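**Q** If you want the building blocks of each chain, they are given just below.
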Amino acid sequence: MNKATMHKRMFRLIALLAAAMLVLAACGKSSGSKGEDGIKVGILLSSSGPTAIIEAGMIKTALMAIEEINEKGGVKGKKLIPIQEDYAGDPSMAATKAKKLVMEDKVAAVLGTFTSASRQAVIPIIEQNNSLLVYPNLYEGEEYSEHVIYTGPIPNQGLEKFIPWLVENKGKKFFFVGSDYVFPIVMNKQAKALLGLSGGEGVGEEYVPFGHMEFASLINKIKEAKPDIVFSTIVAESESAFFKQFHDYGITPDDILIASPIPTENDLAAMGPEAGAGHVVIQAYFQSVDTPENKAFLEKFERKYGKEPVNTQMEAAYYSIYLLAAAMEKAQDPTNAKQVIDAFAGLEFQAPSGWIKVDEENHHTHLNYYIGVGNLEGQFDIIDKYGPIAPEPWSKLLYPDHEEPWKK
Amino acid sequence: MGILQQFADGVSVFGALLLVSLGLAVTFGIMKIINLAHGELIMVGAYTAYAVNTVAKLPFWVAVVAAFAVTALIGAAMERFVLKNLYGRPLETLLATFGISIMLQQIVRLIFGATNKAVIAPISGTLNIGGVVIPYLRLFIIGFSIFMLLLTAFLLFRTKFGMLVRTVSQNRSMSECLGLNTGRIDLFTFAYGAGITGVAGAIVATLRNVNPTMGTEYLIDSFLAVVLGGVGTLAGTVVGSAIIGEATQMLAYFWGEIGARIIIFLIVIIVIRFRPEGIIRLESR
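Those protein sequence lines, which keep their order, are chains D and E.
Residue numbers for the first sequence follow this note's numbering, so the first one is 1 and each next one is one higher.
Residue numbers for the second sequence follow this note's numbering, so the first one is 1 and each next one is one higher.
Chain D extracted, bound-state conformation (with noise of 0.2 Å):
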């Protein structure tokens, strides 16, 4: 064809995309709402992206958080509107979505962000616009921010309790494995210190690739060190397969027992029931928690969703919503961020997992912690809990004289 025809059709063409790209938008923005009159939530979790894995769960239970405190009444009589953000595991996405949610939807809090890499790129934008972040997920702690209530767990919480137990019930030396990037690296280094005060022995340390998923040489390192328990740190598919192999190659728990601070319910149905069976995780909820409290939130969950594997990061979406609705509730105006923040401050809370209660100072939540051995049902057998621990962003164990930002 001569050129002009040529430029006819990409013309053509590039105006049909344009014009398609108009509608699809035009149909993106119907997700807010205008015009209710209601105390908006943004709700900053991945539906897409590689994080979609855990933050999926997540978005469906703190929905139900919110269907829940809206039918008792909602907060102050009005109801609680969810606007939903989808930021596909970017960092950049996340502050971008951040942005919109704050600036243009002016909601009075933002749920979300999972990993530290996310979270952190949101933060500046949450602090510049005096605005709230709530942080559901354990992270690596050693942080601090006036606009944040992180509710999840951090590792002092964890480990203080798990690696003293490990040392007294399954064996002194250990083996520490990880993923490379700064969250493994931290627990790992915080879980050696324990180790060392509770007179266990380090025999071995090594760290795989973000991603990584060939374990056969790993093994056999871990192998020739005869370690009694490997203390594993990896994460997401990585961490599966890990397991998966580590079966394979004929080890069973009772030679070298896995302890990890990492897997969840939908992590035993993803490796398979046999790799995961008889090792050892500590998380701060299970699915398998006796709690009059967990038992209605997983019918109810059943009823809206169907049957699914339910972890510590879904109830902890759904304990957020609570305590958020709460310090709402508490302050006078909901929609400013400063007295909600402030109306966090001890707050307490029965979830699923037990009563919890927000820190007076620090911004962290005390909770619980139950250790589990993985069944072939997919489930935690639960064989012991501690709690609630209150939370030590700086450990005290590891920095005593570390200053506290908290206390100004």
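Since the hints were made in silico from the structure, they are not lab data.
Note that the coordinates shown come from a computational prediction; the quantities given were computed from them, not determined experimentally.
Among the hints, a few may not be true.
Listed next, the in silico SDA-like pairs over lysine to any residue satisfying Cα-Cα at most 25 Å (straight line) [to be verified]:
#	chain 1	residue 1	chain 2	residue 2
1	E	K84	D	L13
2	D	K223	E	I258
3	D	K226	E	I107
4	D	K226	E	V55
5	E	K84	D	T5
6	D	K8	E	Y87
7	D	K192	E	G256
8	D	K189	E	L110
9	D	K189	E	L127
10	D	K300	E	K84
11	D	K226	E	I3
12	D	K223	E	G256
13	D	K226	E	L4
14	D	K8	E	I107
15	D	K226	E	S124
16	D	K223	E	I107
17	D	K304	D	A56
18	D	K307	E	T54
19	D	K3	E	Y87
20	E	K84	D	I14
21	D	K300	E	L110
22	D	K106	D	K173
23	D	K226	E	N128
24	D	K3	E	K84
25	D	K223	E	Y87
26	D	K8	E	L95
27	D	K304	E	V55
28	D	K304	E	I107
29	D	K226	E	K84
30	D	K226	E	G125
31	D	K60	E	I269
32	D	K173	E	V133
33	D	K223	E	A8
34	D	K192	E	I258
35	D	K60	E	V55
36	D	K189	E	R261
37	E	K84	D	R12
38	E	K84	D	K192
Using the hints, position chain E against chain D.
**A** For chain E alone, kept in the frame of chain D given last:
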């Protein structure tokens, strides 16, 4: 003892890598299409195995055949509707296949949900030879990859179809002058390459879990294997997979997993710098 075990593990890794790279050897090596959706074809094969074997509880071999069929169909659709129009335009092909990879990831997420899924291996247990432990599953993977290699080689070198594929690959315009229906040949070749990639996905799913982004890890490694070994020859892919598979394990023994990755990349860069066509060169005029 540790070294022997590492060597044996290297052979296992070689087997898995060869399996995932064979499809790329066909689509990239022979057809010269840069298919960034190669990883997603592996992923689709894995999900097919999940649906057929874990959910529908059909035997594993049925899952493997289903994986071939499903990914071959997707490959055929890709070729017919997208790639056919982009022959000879590598940048557009790259973009288009990248877009397809994102699409496939999200479609799978919509159908199966975002959580990880498991495909349980049909074989378990380990073989113990004088202290060196090799899981039977790994032996099966090595054996299966050799079978797929021989099948592909047979197809390419001992059948009429294979001869047509090689003809088109070596000189497209001359083949068309001679009356060959290059469009149809391309379609079946790409579909075959996609199909065996799907089979690889079904098999490697037993070593790890199944999730929408699992393909990206294999994309880099399979391109490395094909490029290092030599684009255009099956033997090249075998050599490339063997070197990368074995070297990763042996190097990891001394320098850890991360050190091994770094060194492998350096090796590939150095080899390509001095021998751009890869280790096994295809004669060309």
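**Q** All the hints need checking, so say for each whether the structure fits it.
**A** Checked hints:
Between K84(E) and L13(D) the CA atoms are separated by roughly 19 Å; this keeps the pair inside 25 Å, and the hint holds. Under the criterion of a C-alpha separation no larger than 25 Å, the hint pairing K223(D) with I258(E) is consistent with the structure, at around 19 Å. A C-alpha spacing of about 45 Å is found between K226(D) and I107(E), which places the hinted pair above 25 Å, so the restraint is violated. Between K226(D) and V55(E), the direct Cα distance comes to roughly 38 Å. Violation of the 25 Å bound is thereby established for this hinted pair.
For the suggested pair K84(E) and T5(D), the alpha carbons sit about 21 Å apart, so the restraint of at most 25 Å is met. Simply put, K8(D) and Y87(E) have alpha-carbon atoms about 23 Å apart, close enough for the 25 Å limit, and the pair holds. This hinted pair checks out: K192(D) and G256(E) have alpha carbons roughly 19 Å apart, not beyond 25 Å. Taking the CA atoms of K189(D) and L110(E), the gap is near 39 Å; set against the 25 Å cutoff, the hint is violated.
Under the criterion of a C-alpha separation no larger than 25 Å, the hint pairing K189(D) with L127(E) is inconsistent with the structure, at around 37 Å. Between K300(D) and K84(E), the direct Cα distance comes to roughly 51 Å. Violation of the 25 Å bound is thereby established for this hinted pair. For the given pair, K226(D) sits about 16 Å from I3(E) by alpha-carbon distance, which is consistent with the 25 Å threshold. At most 25 Å may separate the alpha-carbon atoms for a hinted pair to count; K223(D) and G256(E) meet this at roughly 15 Å.
As the CA atoms of K226(D) and L4(E) are separated by approximately 18 Å, the hinted pair is consistent with the 25 Å bound. With a C-alpha separation of about 33 Å, the suggested pairing of K8(D) with I107(E) is violated against the 25 Å cut-off. The straight-line distance between the Cα atoms of K226(D) and S124(E) is roughly 23 Å, inside the 25 Å bound, and the hint therefore holds. Only pairs whose Cα atoms come within 25 Å are accepted, and K223(D) paired with I107(E) is rejected, the gap being roughly 41 Å.
A hinted pair counts as satisfied when its Cα atoms are at most 25 Å apart, and K304(D) with A56(D) qualifies at roughly 15 Å. The straight-line distance between the Cα atoms of K307(D) and T54(E) is roughly 17 Å, inside the 25 Å bound, and the hint therefore holds. Restraint check for K3(D) and Y87(E): the C-alpha separation of about 20 Å stays at or below 25 Å, so the hint holds. As the CA atoms of K84(E) and I14(D) are separated by approximately 21 Å, the hinted pair is consistent with the 25 Å bound.
Between K300(D) and L110(E), the direct Cα distance comes to roughly 23 Å. Compliance with the 25 Å bound is thereby established for this hinted pair. For the hint linking K106(D) to K173(D), the alpha-carbon distance of about 53 Å lies beyond 25 Å, and the restraint is violated. This hinted pair checks out: K226(D) and N128(E) have alpha carbons roughly 18 Å apart, not beyond 25 Å. Only pairs whose Cα atoms come within 25 Å are accepted, and K3(D) paired with K84(E) is accepted, the gap being roughly 22 Å.
For the suggested pair K223(D) and Y87(E), the alpha carbons sit about 51 Å apart, so the restraint of at most 25 Å is broken. Taking the CA atoms of K8(D) and L95(E), the gap is about 23 Å. The hint holds against a cut of 25 Å. For the proposed pair K304(D) and V55(E), the alpha carbon gap of about 22 Å is at most 25 Å, so the pair holds. Straight-line distance between C-alpha atoms of K304(D) and I107(E) comes to about 23 Å, which keeps the hinted pair within the 25 Å bound.
This hinted pair does not check out: K226(D) and K84(E) have alpha carbons roughly 56 Å apart, beyond 25 Å. For the hint linking K226(D) to G125(E), the alpha-carbon distance of about 21 Å falls within 25 Å, and the restraint holds. For the suggested pair K60(D) and I269(E), the alpha carbons sit about 46 Å apart, so the restraint of at most 25 Å is broken. The straight-line distance between the Cα atoms of K173(D) and V133(E) is roughly 23 Å, inside the 25 Å bound, and the hint therefore holds.
Taking the CA atoms of K223(D) and A8(E), the gap is near 15 Å; set against the 25 Å cutoff, the hint holds. A distance of roughly 21 Å separates the Cα atoms of K192(D) and I258(E); the hinted pair therefore holds under the 25 Å criterion. The suggested pairing of K60(D) with V55(E) holds, with an alpha-carbon distance near 24 Å, which does not exceed 25 Å. With a CA separation close to 24 Å, the supplied pair K189(D) and R261(E) stays within the 25 Å bound.
Distance hint between K84(E) and R12(D) is fulfilled; the C-alpha atoms sit about 22 Å from each other, no more than 25 Å. With a C-alpha separation of about 57 Å, the suggested pair K84(E) and K192(D) falls outside the 25 Å cut-off, and the hint is violated.
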